[in-house]
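Plus 216 on top of the position in the first sequence (first one is 1) and you've got my numbering.
Hints in this document: simulated from the structure, not taken from any laboratory.
All values derive from a computational prediction rather than experimental measurement.
Any given hint could turn out to be false.
Calculated cross-link-like contacts (lysine-lysine; reagent style BS3-like; alpha-carbon spacing at most 27 Å) [what the hints assert, rightly or not]:
id, residue 1, residue 2
1, K1141, K227
2, K569, K450
3, K1179, K231
4, K1145, K226
5, K246, K807
6, K1113, K1077
7, K599, K669
8, K1179, K1208
9, K227, K369
10, K372, K729
11, K569, K558
12, K630, K558
13, K851, K248
14, K1081, K1113
15, K246, K1203
Okay, the calculated beta carbon distance ranges per label pair [to be verified]:
id, residue 1, residue 2, range
16, T1009, K464, 38 to 48 Å
17, D488, I1162, 34 to 44 Å
18, D668, E740, 58 to 68 Å
19, T1110, K926, 56 to 66 Å
20, K669, E740, 49 to 59 Å
The C-beta atom is built at its ideal place from N, Cα and C for all residues, glycine as well.
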Amino acid sequence: MEYDFREIEKKWRKKWAENKTFSASDDQTKPKYYVLDMFPYPSGAGLHVGHPLGYIASDIFSRYKRLQGYNVLHPMGYDSFGLPAEQYAIQTGQHPEKTTKENIARYRDQLDKIGFSFDWDREVRTSDPNYYKWTQWIFIQLFNSWYNPRTNKAEKIDTLISVFEKEGFSGNGHDILTGDIEKDLLPFSAEDWKNFDEQKKQEVLMNFRLTYLGEAYVNWCPALGTVLANDEVKDGFSERGGHPVERKLMKQWSMRITAYAQRLLDSLDTIDWSESIKEAQRNWIGRSEGASLKFQIQNTKSQTGEFIEVFTTRPDTIFGVSFVTLAPEHELVSQITTAEQKAEVDAYVTKAKNRSERERMADVNTISGVFTGSYVEHPFTGKQIPIWVGDYVLVGYGTGAVMAVPAHDERDYKFAKHFGLPITQVIERPQDFPLPRRGTEGEDGGNLPWTDKEGKLINSDFLNGLDVKAAIKKAIAEIDSRGFGKGQVNYRLRNAVFGRQRYWGEPIPVYYKNGTPYVLNENELPLTLPEVDKYLPTEDGEPPLARANNWKYQNQFDYEHSTMPGWAGSSWYFLRYMDPKNSGEFVSKKKAEYWGQVDLYIGGSEHATGHLLYSRFWNKFLYDLGYISFDEPFKKLINQGMILGNSAYVYVVLPQTQGHIPFTLSAHHGEHEEIIKLEEKFPGAQIAARKVLLIPEDVYHDIKKNGSNKEVDAWFKKQFAEFGDDMIGSYSSGNAIRTAIDVSLPEGDRLKDLNKLRQWHRQYEYAEQLIEGDYVCSREVEKMSKSKYNVQTPDEFVEKFGADTLRLYEMFLGPLEQAKPWDTQGINGVHNFLRRFWRLFHNDKNEFAVTDGEPSKESLKTLHKTIKKIQDDLERFSFNTGVSNFMIATNEFTDQKCNNRSVLCEMLILLSSYAPHIAEELWEKIGEKESITYAAFPKFNPEYLIESSFEYPVSFNGKMRFKIELPLTLNAAEIEKEVMALENTAKYLEGKAPKKVIVVPGKIVNVVM
RNA sequence: GCCGAAGUGGCGGAAUUGGUAGACGCGCACGACUCAAACUCGUGUUCGAAAGAGUAAGGGUUCGAUUCCCUUCUUCGGUACCA
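Modelling step: build the complete structure from the supplied sequences, incorporating the hints.
Take a look at the structure:
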């Protein structure tokens, strides 16, 4: 019987589903192993061959762990709320639920074809009310909690209330303050607290809740009609859709992730993730140590602030301060600006505030700012220091104000140069350090700004003579003891905006009474998504949920109209898989304890600062509240590399596309009509005009450079000759283009059959070549995308070669973590391997034939060598070398003509995690009754590999020259004697005496001359 | 700019602790089968006629370096007025 993968794969997919072969039991006596893939968003485009790469790797590992006797949890589900379905709904009027369901069905169908061992009974969907009920429940827990810095964990809000009842609140310096709060909270006493009315109390508590409603500058995306979190914005454009994003002050639900900044940073050291992802998170959190420092404002008319607080990482440079800069949005700006400067400052502030994020970014090199007219006093010298406003200072970072030390900071330096402000050097560059390359103005001898933390302090009073590190310490101590400020740690991490002005997301379980937000009771969940007539904002700019009829809490209070962001549901889904049907809890404590951390998490690195940070945050929160027993969700993380498409490009001379008329005609006007007239006169004129000419790359470059090309001119002439002067096609350099064609059309870079191209797309219906023979395409490796016609779907692959070949081939392409191009030419090699493997079990007549009895020594050696390699490869996630080792083993068994039952049985178990269908089929044929899934992984026995002799490579000065086989029983001296006696040795010694002979028994001989 | 990863035949890649560089596969060439082609099977395939050279380039440590150290270059990914 031939290897009929279609029948075999169909058969086993069915059997696995019927028998629920991969169902994870909750039997807690077995050791567990949790393998997770990143939650897919079911997009309308379906899967391409790049998506399953990680799923295949995790599936192989899951199957391997099952063979080792683990109770394996390997679930799959869908992150099914999200923008694309909603955008589609807006365009078509279809309910996003409908399209989402269709997309999920397509995904499921595609996934099923690849033979994954998912436990589908545990599937979750974030848009399912039974699931988002618990997302809402977690939101409520966050709302009812605060972060207590004294215990360093989240607690119920009651403990904060009791602090207020006992201590009141002493203002910004109070040690109970955590994370970022949006606005300064004024101090109050315990007595005050008791006298506050309900609304006031709620307002105060809002500054501490872990999810809270606050006013903040947000990333507003007008095209999407919603705000976005920082990680959803890339270079001033939305990550989804690429629409421009601007800054806007809005009242928003946010998550106080900043409270967890330090813990999120610290516990990175406890998890096994790639260094690059950890670094990305460290940078995103952006911890910096320094000092906060107060500058008294002189001659101020301000009532609330008599000082400007700045944050600096370089308190050592305090004597080099020559001005202070405020962010344009800084609240003190209006208060301190003098009458003379008011007009100028107002104009600047207005302009800066309205500039979009994008403009600001595009414009980083332009220096702008304005003097306020006011001054602060230097805390140590008492000198007058001017206060400026500049948009290089960001309101969201630190205090929104900087002490400018132009001699030792790049931006301060540029600002000072631009406005002619004084520059005081306070650190001497050490002799042995090279001149900085910056500060190119040529002034200051190119010496400034000196920004490295090296050198000795000068012009700095009590800091003189110290080196930078010591000076920082001393300065902080001095600032602290004189009451000018204190040592402080700052984070770049911002609180995460949580509300989205969109329809297709979890409703936020909040209603408003007298303008004050309250969360729903837990027994009122889920708050289901109401029906709306349109998925657009209302006329007065309210989110789509405001369209819902009679959608009010207790029929009178308005619900919150924004919904949760895409990352809400995916921040805890790994917990739900442990207990997906639980209607009383989000996960039972017992099950959470048993399954514990995800042991292996595989997914793309694009989630580095989004999903992977938010999940860690929620996990820590749930841990703090005692619902789960582990502080970090994902123990080991592997980022699979992207599979890139291998696009094919052709160079063509194309029409100026006016309607369907390709070439500009010499006929004066009304081209289309001209053509029709011509067609009557000369049949074939239209076709001639619609021709597309394929040109070689060099001709293309010639046209681009010179505007024309001789051969192409000649071709044009010929094409249109018969139509006379009425119609002469013309072209210019703009008509020569490089354009993608379907990857499947050329073989390698050769386009052998022009007819295939003609049939592929109307545009090429009358395509011709300038030069006879195979057309040479240019190939390029780039991301798969529809517009480049380089997308390959797993479906077509499975149809042609089978799922087992796909699984092996994707692994064989290269290391899991590396990006690699998809090259269809190598498939045959892998497919052939499976056929050769199949043949090991069959005789010449294609009849199933295995022999019993003792296997040969050689076969045992091959087998055990392979067991070791396969296991080692799996343990270090080196799936590509795993496939190679299967090929080597199969080649060896074929040479040995080995068809021994016991040897092949063990090979089947090894192969079953990579190519499960063929393994199951042969396993059944060989006479086994149970699925191979729960067989036992073969035990490696080193005895079979013991050799009596070794072929020693003999090197001269480290260069291998020849080999000699010697018994392994010889010791170093004996080996040296044998080698030195050889004729070959004498030849390479060229009569010289060897200086030294290195012998490593069992490894190598090296002769030093 | 900063951070991270990587650079090995015509191509994807291997070399696990410093010990035979190029496993395995593709492609290519030749041969067998065939009227012929495809498929399949077999042989060869880093460069060089050879001596020899050779893992981005240069230097270092070592008996010995793809592997460790230093300098430089290139590519990819992330990130950026963060004080």
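Now the hints, each set against the structure:
no. : hint                        : in the structure
1   : K1141 with K227             : 14 Å, holds
2   : K569 with K450              : 20 Å, holds
3   : K1179 with K231             : 54 Å, violated
4   : K1145 with K226             : 19 Å, holds
5   : K246 with K807              : 13 Å, holds
6   : K1113 with K1077            : 14 Å, holds
7   : K599 with K669              : 26 Å, holds
8   : K1179 with K1208            : 20 Å, holds
9   : K227 with K369              : 53 Å, violated
10  : K372 with K729              : 22 Å, holds
11  : K569 with K558              : 16 Å, holds
12  : K630 with K558              : 24 Å, holds
13  : K851 with K248              : 14 Å, holds
14  : K1081 with K1113            : 18 Å, holds
15  : K246 with K1203             : 65 Å, violated
16  : T1009 with K464: 38 to 48 Å : 41 Å, holds
17  : D488 with I1162: 34 to 44 Å : 35 Å, holds
18  : D668 with E740: 58 to 68 Å  : 59 Å, holds
19  : T1110 with K926: 56 to 66 Å : 58 Å, holds
20  : K669 with E740: 49 to 59 Å  : 56 Å, holds
Checked against the numbered hints above, the structure breaks hints 3, 9, 15 and satisfies the rest.
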